[in-house]
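Below are the chains, spelled out letter by letter.
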Amino acid sequence: MVNVQGNQDWEGRYYHIDQILDAPGPRTDEGFMAGDDVKDFLRNQAKILVIGAGGLGCEILANLALTGFKDIHVIDMDTIDISNLNRQFLFRQKDVGKSKAIVAAEFIMKTRARSQGDAVSIGLAFLLQIISSGEFLRYFGKIQDKDDDYYLQFNLVICGLDSVEARRWINATLVNLVDSENPESLKPLIDGGTEGFKGQARVILPTITSCYECSLDMLNKPTAFPICTIANTPRLPEHCIEWASVLEWPRVHGDKKMDTDNPDDISWLYAVAASRANEFNIEGVTWSLTQGVVKNIIPAIASTNAIIAASCCNEAFKIATSSAAYLNNYFMLIGVEGVYSYTFEHEKKGNCPVCGGESVSLSISREMVLEELIELLTERQDIQIKNPSLSTPTKQLYLRAPLQLEEATRPNLLKKMSELIPDGGEVTVTAGTLPFSLSLDISFT
Amino acid sequence: MIKIWSMKKNEEAAGKKKPKTSAAQIRVQKDLTELDLPSTMKTYFHDPADLLNFTLTITPDEGMYKGGAFNFSFAINSNYPHDPPKVKCTQTIYHPNVDLEGNVCLNILREDWKPVLNLNAVMVGLQYLFLEPNTDDPLNKEAAQEMSKNRDEFVMHVKSSMRGANIKGVQYTSVISQ
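Listed in order, the protein sequences are those of chains F and G. Quick note: the first sequence uses my numbering, first residue 2, plus one each step. Quick note: the second sequence uses my numbering, first residue 15, plus one each step.
Mixed in with the good hints there might be a few duds.
To be verified - Dumping the calculated EDC-like pairs for lysine to aspartate or glutamate here, alpha-carbon to alpha-carbon at most 16 Å:
no.	chain 1	residue 1	chain 2	residue 2
1	G	K56	F	E407
2	G	K44	F	E407
3	G	K128	F	D146
4	F	K387	G	E48
5	G	K56	F	D256
6	F	K350	F	D218
7	G	K173	G	E76
8	F	K396	F	E407
9	G	K102	F	E407
To be verified - Here are some chain F residues pointing at chain G (derived, C-beta under 8 Å):
no.	residue
10	V253
11	K257
12	S392
13	L439
Bear in mind the hints are in silico, worked out from the structure with no lab data behind them. In this text, a Cβ means the ideal position worked out from N, Cα and C, and glycines have one as well.
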């Protein structure tokens, strides 16, 4: 862990921020504690996690530091690519191939040690000097490597991610973290995302507002071409590249997985796609287009990132200080033709698999067998389930259908619950009569 | 801080929790246990503990593919239902919409997939391909051409391919159902 400590606050550094924090205004929350209390929380107590140190992440890190957050942690599993350098301003050419999270933190440390006016431009040097007075901790790896305890230590999480899967994971983790006994377990999640000239920023209060999973069906689907077009009537260079990656790769390489980060694999695809393009008189297949298509790269626009990062950090500041009403709960930006933005409240989805399911605590005897538990579920007035299927996070307990799975899980019906799950274990119930699923917290008496 | 927080921090307050069942896993459980399949379709799990990988067998009871048993492998990833299931035919069959490598051209498996669709929709879609092969968007171009130009010969080739014949240098899998 790199721990960048130091306090380089100088006279007047927070002059402008303090205008907001020194006195309540018409939009401040009633819990707002103007003056030293809120400044102390912002600058000495608030612990914030930034997930992603890419295009959005670099902007977010800079904004947070400038706003006055000091204890900032950053996590990213990616390494730096040469194509990142135009907008991910914490990285330099010599850093290509290194971890984004580590370089982002180390760059700041080095800049602090270096005299001002070194290779970096004066404006940037100034910016970095400000950033460097914050405290950064970085982690190079997957967000999935970290357990609940890790996420519990933060007050706030900001995501600048490019992956749907990673967002779904962190969203589900933070929703699951909420413990009704412990108000500290509710971690606001601010999610930023950009795609070309379009972007969104949203505030998710896990279990209170709609979550990321609630809006999954709003997502643009990734561009996919009909496989028959790829196979028979290619018209675009993309069709040729998809032909190489979707049809030719598995035919030639069998089960060997394509590594889109391996230049050799991209070169192979490029060669195959180029010869197909030649055959059909299609122009425009290039090495970088090949890489772009197989990695599903959408050109990143630095200004979109800057706007969305600013919006995210504004929300983080408002939530942490309660100096103004925060976003409720979805801001979208469309900069394709002019600049259009719209803010609305995305509603919670009743049948959301992450935040929509109800959770019921059941206290049962160790001796109770699974069959009796199912009977209990169908009889209880407040649950009223017909034909439930049950599983734990690691295995199936009893599935109604298909027949083969019913037969495989049937022996469990006569097993004691204490043999199937640990005390305090969780059981997920699905049934046609439920909106989505029901989660049972089982404890033994 | 906004009101949902209390001022004091208590880092050790919440005990360590168990991994929660993923949204993909619950959704697959729901899709599978609520499948509503006709008797012409059956699922088979090589490992009943693994719900994400299984085989679907389609035995059409009408149309020119009647009498065959066609196997498709389903592979579902942890990003389901954002990502569609990956479906491949595991046999070499003579069909306008299935190529010799087993790739299937079905719109809802690629360009028209939506998270509101489910495994049942995909399976019913696959069965439909055997009742009404689609010659407009072929994957096996020769089969499609033959079907639209010379239907009788096409049906003959379908029948012999299903018995495991070798047609124009291609060895087809015998798919006659027992």
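Results for each hint:
Note on K56(G) and E407(F): the hinted pairing holds, with a Cα-Cα distance of about 14 Å set against a maximum of 16 Å. Straight-line distance between C-alpha atoms of K44(G) and E407(F) comes to about 14 Å, which keeps the hinted pair within the 16 Å bound. A threshold of 16 Å between alpha carbons decides the hint, and for K128(G) with D146(F) the separation of about 29 Å lies outside it, so the pair is violated. For the suggested pair K387(F) and E48(G), the alpha carbons sit about 12 Å apart, so the restraint of at most 16 Å is met.
Our distance criterion of 16 Å between C-alpha atoms is broken by K56(G) and D256(F), whose separation comes to about 26 Å. For the hint pairing K350(F) with D218(F), the CA-to-CA distance comes to about 11 Å; that is within 16 Å, so the pair holds. The suggested pairing of K173(G) with E76(G) holds, with an alpha-carbon distance near 13 Å, which does not exceed 16 Å. At roughly 14 Å between alpha-carbon atoms, K396(F) and E407(F) fall within 16 Å of each other, so this suggested pair holds.
Taken as a hint, the K102(G) and E407(F) pair is broken in the structure, with Cα atoms around 25 Å apart against an allowance of 16 Å. At a threshold of 8 Å, the smallest CB-CB gap from V253(F) to chain G is about 10 Å, leaving the interface hint violated. Look at K257(F): its Cβ only gets to about 15 Å from chain G, farther than 8 Å, so that hint breaks. Of the supplied interface hints, the one on S392(F) holds, with its beta-carbon coming within about 6 Å of a beta-carbon of chain G, less than 8 Å.
Here the hint on L439(F) is broken, as its CB sits about 10 Å from the closest CB of chain G, past 8 Å.
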